[in-house]
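**Q** Residues per chain, in single letters:
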Amino acid sequence: MRVMVLSHGHPDLGAGGAERAAYSLFQALKADPKVEKAVFVARAEHDAIGHSAFFGSFRSRLDEILAAPPPVDGLTFQSQNYDLLKQLIHELIRHARPDVVHIHHFIYWGLDIFELFKEAGVRVVFTFHEYAAICAHFGQMIKTNGRLCYAASPAECSGCFPSISAGKFFVRESILKLFFDNVDMFVSPSAFLKERYVAWGVPAERIEVIENIMDQDVLGRSRTLADRKPLRVESNRRLTISYFGQINPYKGVDVLLEACASLPKRVRKRIEVRIHGENKHFRDSEFGRKVDRLLEETRDVVRMMGAYRNQEVLSLMRGSDWIVIPSIWWENSPIVIQEARMAGRPMIYADIGGMSEKADTRVDLPFSAGSPGALADVIGYLVEGDMYVDSEILQAHVQARLNLDSENYSHHITLYLRETSKFTERRQLAG
Amino acid sequence: MVLRVPAGAAVDGVSGIRLAQGRAAIAVPRGQWIELGAADGGMERPKPVFRPKRGKRMAAPVEAEAPKARRFLAGLPRPLASRFDLGQTVEVSLDAPRAGKAVALHMVSISPDDLADGLGAALAQVLRASGDEGGAGLIGARVAVRPLDIPRLCWIEHLVLSGTGIVANGWLANIGGQTVHAASANLETWVSNDAIQRTARPDVHAHLRGENALTSASDEHGFTFVIPAAVEGQDLYFVEVSPDRAQVTFHGPLAVSAKRDDALAMSIIRGAFGDIRSLKAEEVDRSYRHLLSTEKGEMSAQVFDFGPKLPQDRPVSSVIIPFYGDAFFMNCVHYLQRVLDDGFELVLVVDDPRIWAEVYNGLALRSTGLRVPTRLLRNLANYGYGGANNIAASLSRGDVLFLMNSDILVKDPAGLVKAAEEIRDRKRAGGRELVVGFSLLYEDNTIQHLGMTFPRSSAMGNLLVADHPMKGLPFDLYEGDPIRPAQAVTAALMALSKNLFTELGGFDLRYERGDFEDADLCLRARQRGAEIQVHVHPGLYHLERQSIPSMGDADVRSMVTYMNCAEFNRRWEAELTKPKRVFKVSTPRQTA
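First to last, the protein sequences are chains A and B.
Residue numbers 6 to 436, in our numbering, belong to the letters of the first sequence in order.
Residue numbers 142 to 733, in our numbering, belong to the letters of the second sequence in order.
It is worth saying that the hints were derived from the structure and are not from the lab.
Take the hints with a grain of salt, since some may be wrong.
Unchecked claim - Examples of chain B residues toward chain A, derived with CB under 7 Å:
#1 Phe469
#2 Ser508
#3 Thr509
Said to hold, decoys possible - Pair by pair, the computed Cβ-Cβ distance ranges are:
#4 B:Pro596 with A:Gly151: 58 to 66 Å
#5 A:Asn150 with B:Arg597: 51 to 59 Å
#6 B:Arg712 with A:Asn150: 34 to 42 Å
Each residue gets a CB set at the ideal place from its N, CA and C atoms; glycine is no exception.
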């Protein structure tokens, strides 16, 4: 079996959970002797390719192809140069000859890729990573006024974007569904995400819930650390709470900072909040200025740790007592949860969507999403209350997560085999 | 046409005169010549002639200078004369036993001076013969030309270009009590006395009293009227007709040089004629129509073909989609490409240079993915909704036309396929022509269209308006038949044979910017015996009016709607209010 994993980016060129999930899957496929050929194709800016061709290889790795597809319409996700896209996809198919393409996102590529692969007789598997098909607000299902969105409709979407009529949102939805008809099977990393897409109109039987594959390198490190005991929190040192991820308006860093700012001095003295991540895209925005202001207000508590390499995430987590996931959007299956599990650390999490689904209330602490006050209460309770974390449960999670990854991979392979066993007429591509 | 023959030359042997220009040629027999009176010694400047617009005939003018000439006038029927390009020279020759060489002559227009110079009576004779008694009476009177006494007795305050017209506004001494027309120097454009709106001007009245120039107690010296923009650059005359109609005086000339200012033009017209909603159709024609109209010249388009070739072994239906203002709905075209079979071609027509590149690239950069033959038309000007459809129909290749708005989303084309088959079946069986409209839904699955009815609307001056019954109600509530009769259907999605559309002359371009022309087309089709049906079928969506907002501001838009509505009522009110024509919308739901 030959498998192509197609992503909207290469994780080493721009870290994001979806890119990492796609790449981790590719790593696992590549290591599997039963897989004849695995190819990773990542969309990249032309600059990253380094020459004038539309394709290149990442660090000269011959099975990691970078591609620069033509631009995509921002609302309907259709390619603005279908002919060129078709040429690129056909070249990939002709030379990589995949039986299955596992697409991890259509953004930057265009919805047309579903149709192009399908028409060429390649089985199409697609993983949802957020709500991009449902929601035009960065696929977050947060209304433009900041409130959580529970369901989309053309009229309500137009309410978020008054310059775009309900009719246009209807066209958007119709086009997305039309192209989704070319997908043989959808994968959702969380049951919550699946529910949202089922409610939107994708038949439940066409979506399998399979958790993302973890980075093989991270998994390897987890194995070497699995026998270690979790850190014990002594009363004479500061409690460390760490955030991992991008600094953007949806990940809730500002909620965390506001919570810290509101803590009484006696609590602030006893905690240290570490922020691991970068503010790449929102530095000059209102959000960026807000973060800067709050950082200034919480200098005694919060430390900016900067960007981190994927390989070091587990040890960084193990250097903390708690991992905080304060996202204000629904999330899907944040990879940081899997990593926290493997690091054997308990979580403080916003109590919505995929985060709520993946948490274990025996060891993890929820707070009301978007509420700095609720988060401050939880932190205060950790410092001043009598909080006991069952380390055996955390240890069990470490082992379970390692086992789960094998299961998740196995589910992927089973899915591919099932799809490729169906009769497909392979189209001879021109050229 | 005026022919001058040198004194002493024999014309009796001449059987006629022949005019030729390229492939166009006509002859005027000698018997149709009218001899004009002596022309002040016969040595006056060359007197070319003319195209008296008000008559049913026009003449190609011929100019020939000759001493002591006899002058003859020959009228040419307009259909023949219109075959000539008036800007080009005409070859003129005599049909005579000893015919001379043909002479190439320029055509020039008649002027008020020509009328005053003796042409009037002969022209009146031609007009009378063509049935234009009014024009004949006017031209046949004693004609004089006098200069305007500016600024003592007349002042032009505004000459403003807007739409296809020029708004003229100012004052002329004592115009309130007189019969005064306005005419262009070439007499092609006339604004009748009725179309010149008089207004009281106490300030002017006081001025005229000071000048001792008042002829009545009326202070109506102000005037406002609209003339076609084609007059721009010409001279204008006020044409005063004496109460006994025996004397006609051309006051002028007055140079017409106007600047475009839509807001000012609208303000002047509104001030002089009142709100458009207070006016009847005829009054709208005299006041607002030019301002709200687009140019209606000869239409032409560039043609670009994309996608597969048209099948030659079976008939195809042409889906005509005009684009204006917003290329977003190319998305609907891409959708159509994926749901239509090879029984269709798409004909996209773009009127709007702002979106041309987007539409063109939307096809050109997708050409290998197109499954339906697609013809793209780039109109050389904005011909409006009706014009765009008409030109697209003429350049379409199918025997059945689907007129489709760009904001129609066809999720299920089965209804279109069926309608095309039924229209062809009717043709084959020699039955009545069929016009098919469709049930159209909004994006929330409520009804947008199930056929039209024509109730009166108090919001539209109690005129009949095109109404969509059940509009906005859930589609599930419709319990009627899958095929229902209708008086008219929307052209947002309408199917009919190309023959019928052509026989009807397409949409009437008197309706501006996409209003009422579909209802008018249907009613004209009914007059010719066609049957109008609505096919009720799910899967057809009309994201109504998504492209209309870019057609101008809401105020102008509503004025255009009223103008179209008034025109529609002028034509169809009597027909639609006949008791037997009352249209039943749907079968009431049976309750237990």
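**Q** Taking each numbered hint in turn, which are not upheld by the structure, reported in ascending numerical order?
**A** Hints 4, 5, 6 contradicted; others consistent.
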